[in-house]
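Peer 1: Below, each chain spelled out in residue letters.
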Amino acid sequence: MIEPIQGCRAIGALRAFHGVKDCVSILHSRPGCYCGMMLLRALYDQSDMRVACSGMHEKDVVHGAEDRIAKAIKKVDELYKPKLIACLSCCAPTIIGDDVGGVIESLRRKVSSEIVYLSCGGFESVAWVGYEDAIAKLVAFMKKEKKVENSVNLIGFHSDVVKSSFDLKEIKRMLNACDVSVLAVLTDSRFEEIKRAPNAALNVVLSGDGVKAAQIMEKEFATPYIILDYPYGLNQSVEFLEKICKELGKKTSDNFIEEEKSKIKEMLYKIHLYLQGISGTPVAVIGEASRAISLTKFLWNELSLDPRVVAITDANYVCDELSKDIKKYAQKVLVEPDKYEMSKTIEDSGVEIIFGSSFDKKISHRLGVPFIKFSYPIIDEVSLSDAPYAGFRGVPTLIEKVLNTVLNSEDGGIET
Amino acid sequence: MQNRLKVVSDIFSAIPLHRRTTVMGKVAGALLAVSKIKNAVPLIHGPVGCAYQRRINPFELSSNFFEMPMPCTDLTELDTVYGGEEALKESILQTYERYHPKLIVVITTCQSDIIGDDVKAAINEIKADIECDVVFSTGSLFPKRRDISVVGTQDVLYAIVDQLLEEKVKEQVKEKNSVNVAIFSVHGAASEMSEMKGMLEKIGIKINGIYFDGTAATTVEDLKNMPRAELNIVDYPQAWAILMKEKFGIDYIETFPMSLRRPEASSPFGVEGGIKFFTEVAEKFGLEEKAIEVMNEEKRKIEPELKRLRAKLGGKKIAISPLLFFHSGVVPILLSDLKMDARYILLEEFKSYSANVVIIKFVKLYLSRICKKYGMKPEMLVDFTTDEEIEALKSVDLVIAPRNNDVLRYQMHGIKAFNAGSFSEHYGRIGFKTSLDLGEMLVKELNKPVQRSPLISMLDYDAKRQAMTEPWARLEDTWRTLWGTGW
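Residue numbers (the numbering used here), protein chains in the order written: chain A, 456 to 871; chain B, 8 to 494.
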C-alpha cells in the first residue's frame, strides 16, 4: 500500500506530449482518467486545451474500443488539424488488448497529422518513466539536416510548471547573450522544431529529465549531451552558461554575467538585513527531481537556508548522481516517498518554510508554517507576470517570493 | 456561507466541466462520498494514478481531496496477471494500522474491475483482523436507472446501506416521527438547515440525523443510526434510499422531484416550495394540521418583508435561462413569491449546452408549465442569432442567468443579469426565508449600473457558445462527439 506522491505513466506521457505545441493528445480511456488529467492542465492554463478522450463506455470494456480510438483520431485531425496526434492507451484498453497500433496504421494515410502511440496503462510505470518514454518516442520523428553551430536543444523542460514560460524566456535570453541559440525545447516547441532538433550542436538535459531521449539522439545523430542543474539562482545560472559554452568550445560573455551580477548586487542592498535574518531557517523542499534538487542548492548556497528534508516526488535516471551534493547538507533526502511517511518526516523535522506543490499545502497548514508553491502541479495559483524563477532574473523573483511569504505569515502560516 | 468560500466556489464554477467537456468518473464520485464521512478512509484498489490524479475534486473544485488520506494498493503489471487480492488484503491491514479509521471504503478501478478481483472475499478474509468496518464500491452495485446519476457517489452510499447497516439494526428502537436529512451538499441546498430544522421540530418531527452536508461531520456511528428514522429526506432520486426502503421499510421523499405533472412543486425553496415540502413531510406522519399552523405562523412573520419586495420586483420583466432547471429552486420563487414577469426562456442557450432533444423537450415543457401555472406565457428564444437574442433581451429588466460567465456576457451588451446558479448554491435552502434573500439580492442587482466594459469582453468567443473561448469550444465539440450527448 502506498499513498502516492506522483501519478501514473499516462500523466507523465501526457505532460511530455502537451509540450509539443501543435500536438493534440488523445487518452484512450474511461472518462475518469481523462477528467483527472484534463483538470490538471485546465486549472493551470485555460488557453491551451489540447487533450481529448476516446470516451470508452462500460460496454467497450467487453466489446473492445478500437472503433472509438479510430473515431477520436479522425475527429481530432478534422477539428484541430494538429501536426501530431499522441495516442495514449490507459488501463482499460491496455488490459483488454485493444490493437491501437493497428488502428493507427490503418489511419495513417487517411489523416493529415502524424501519429505517435504509447501504451500507458497506469500499472506499467509511474509518471516520470512515462515522461521519459514519451520524449524518447519523439526521437523517431527527427531527421538530421545541417548542423547549426553554437546551438542547443533544451531537453527535460516542463512547460506546465509554474513560471515555466518566463523561465524559458530567461534561459533563452541568457544563452542568446552568449551567442548561443536554442533550436528545440523538449518539450515546449512546435513539432517541426522538434523534428529538426538533431541539427543542434549540443543537447542540454535539464536536471536529468529526458536523458533517455538524449542518449538515443547521441546514438542516432551523434548529438552530444550534458546534464545541468536547472538554473535557479546566480551560481547555477553562471555555471549553466559556462558549461554550455565550454562544451560548444566558446567563451562565455563575461560582460553579460558581470552586468547581471551587478544588478543582483544592487537589489540585495534593499533587503540584505532580511536575508541576514532569514539565514539558517530550516526548510523542506518537495518536488520533482528536475526542479527540487537545484532549488535546494539555491536555498542552501545562496540564501543560506537549512534544507532539513528534500522529498523528490518524481525521480529520473540520474537523480541519484545529481542529488549527491544536497545529501551532504540536507538531513533527509527522500526519493519517491509515501506521502504519509513524507508528511510525518517533515512534521518531525522542525522546518519553518515548506516549498512544494498545491498537493502539499495542507502539510504547511498543519504545521502552521509559510508555504511556497514552486513544483508541479500548481492548480490554485495563477502566474501571469513576466517574472521568472530561473536564471539571473529569477533571483529577485525567488527572493521576493520567499521574503514576502515569510513577512506576511501569521500564526498558522500563510499559503502563497 | 462565508464570503471567501463563496468567491472560491464561484471562481471555479465558471469552468465548463460537467457533461460539457468531461464526466467525472466513478472514483471521483466515490471519493466525494467518502470525504463527507468523518474518520472514513478510501482505499483505491488500482495503480497509483487512480489515487494521485484524483486529488482534485471535480464536483466541487473549490474544495479538494488534498487533505484526505488517499492510500492505494499500487497494483502493478504482475498483479494484472496474478490478481490483486493479496495486495488488497495487505493494504486493508496497513490502512487500518496507519490511519486507524472507523471505516475503510475500498474503491475499485478499471484494472481491478477488469481482472475480476474478488474484493468481497478479500475483505471477508481480513475483516476479523481489524477493528473497523470495511465496505467496497465498484460503481456497479445498484441497479442502473436513468434518473440516478453521480454513479460513484451513489455506489458508495448504496454500499454503506447494503454492507454496513446490518439486518440486526432493524431491531433498533425507532425514533417516532423522525427523519434523516441527506441532501448531498454538491447540490447546494444544504448550506443552511436551521430554518428547516426549526420548522420541522415545531411541527413535531424530529431530525434523527443530517447526513453528507459538506462538513464531514457525519460519523460512522451516525450512519449506523440511520435505520432509527422513519423517513429519509433526499434531494434527487437516490439508490441508497430505495434500498433502505426495501431493507428497513423506511420511506423517502425527494425534495427536487422534477415532475412534469407538478413542475411548480419541484423545489423546496421559498414560500411556495416550502409549503409543498413541509406538507409532504407532515403527511407522512399524519401531522398535516400542525404543519398548517406552523406554516401560517412563519408566513405571517415574513409577509411584511415579502410585500415590500413584491412592490419593488412585481411585474419586472425577466428572461430565464433553462439551465436553472438544474440549479432548481429559484424559478417558482421568482414567479410566485416575488411576482416577477417571465418574458423569455433562453432555450437557444440550452441547446448549445450539448443537451439532447429529449431533455430540451422536457425542460421546455417543464418551464412552460411553471409559467402557465402563474398566468405567464414567455416566448421561447430558440434558433436565434446572438444579435437577435441580445436585441430581444434589451426589453427585459433582468436576465436570470445560471453562472457568472453568462452574467458577464449579457452585461457586455448593457443588459443586467443575475447569477442565480450561485444564489442557489450558496443561499438556496429549504424554508420560506430563501424568498426574502433572493428578493433582496434582485433589488440590489436592479439598482446597480451595468458594468459595460469588463476586460474579458476583449476576448474572441465561440459564435454559438458565447461564454466559451475557442479552446474550450473545441474541447466540448470533441467530448460531445466522442462521449455522446451531454444531457
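Worth double-checking, as some hints may not be accurate.
[What the hints assert, rightly or not] Straight-line distance between alpha carbons at most 27 Å, and here's what the computed DSS-like set of lysine-lysine pairs gives:
#1 799(A) to 471(B)
#2 471(B) to 451(B)
#3 471(B) to 529(A)
#4 817(A) to 151(B)
#5 127(B) to 817(A)
#6 471(B) to 530(A)
#7 13(B) to 817(A)
#8 514(A) to 109(B)
#9 127(B) to 514(A)
#10 471(B) to 526(A)
#11 127(B) to 799(A)
#12 799(A) to 13(B)
[Stated by the list, open to error] With beta-carbon atoms standing in for the labels, derived distance ranges:
#13 402(B) to 560(A): 56 to 66 Å
#14 132(B) to 841(A): 57 to 67 Å
#15 673(A) to 364(B): 36 to 46 Å
#16 107(B) to 729(A): 54 to 64 Å
#17 224(B) to 595(A): 18 to 28 Å
No wet-lab data here; the hints were simulated from the structure. Even for Gly, the Cβ is constructed at its ideal location relative to N, Cα and C.
Peer 1: If you draw a straight line from the CA of residue 471(B) to the CA of residue 526(A), is it 27 Å or shorter?
Peer 2: Cα-Cα ~24 Å, so holds.
Peer 1: Measure nothing beyond the straight line between the CA atoms of residue 471(B) and residue 451(B); if it is 27 Å or shorter, mark the hint as holding.
Peer 2: The hint is violated at about 31 Å.
Peer 1: Residue 107(B) and residue 729(A), beta-carbon distance inside 54 to 64 Å?
Peer 2: 43 Å Cβ-Cβ, so the 54 to 64 Å window is violated.
Peer 1: Taken at face value, is the distance from the CA of residue 514(A) to the CA of residue 127(B) at most 27 Å?
Peer 2: holds, 23 Å
Peer 1: Taking 56 to 66 Å as the stated bounds, is the beta-carbon spacing between residue 402(B) and residue 560(A) within them?
Peer 2: holds, 59 Å
Peer 1: Tell me if the straight-line CA distance from residue 817(A) to residue 151(B) falls inside 27 Å.
Peer 2: Roughly 37 Å between the alpha carbons, so the hint for residue 817(A) and residue 151(B) is violated.
Peer 1: Look at the Cβ atoms of residue 224(B) and residue 595(A) and judge whether their distance stays inside 18 to 28 Å.
Peer 2: violated, 55 Å
Peer 1: Measure nothing beyond the straight line between the CA atoms of residue 127(B) and residue 799(A); if it is 27 Å or shorter, mark the hint as holding.
Peer 2: This hinted pair is violated, its Cα atoms lying about 32 Å apart.
Peer 1: Please work out if residue 13(B) and residue 817(A) have their alpha carbons no farther apart than 27 Å.
Peer 2: With Cα atoms ~20 Å apart, residue 13(B) and residue 817(A) stay inside 27 Å; holds.
Peer 1: Next pair to validate is residue 514(A) with residue 109(B); report whether the Cα-Cα distance is within 27 Å.
Peer 2: violated, 35 Å
Peer 1: Has the given pair, residue 799(A) with residue 471(B), been kept, meaning a C-alpha gap of at most 27 Å?
Peer 2: Violated, at about 52 Å.
Peer 1: Need the status of pair residue 471(B), residue 530(A): alpha-carbon distance at most 27 Å?
Peer 2: holds, 19 Å
Checked against the numbered hints given earlier, the structure breaks hints 1, 2, 4, 5, 8, 11, 12, 15, 16 and 17 and satisfies all the rest.
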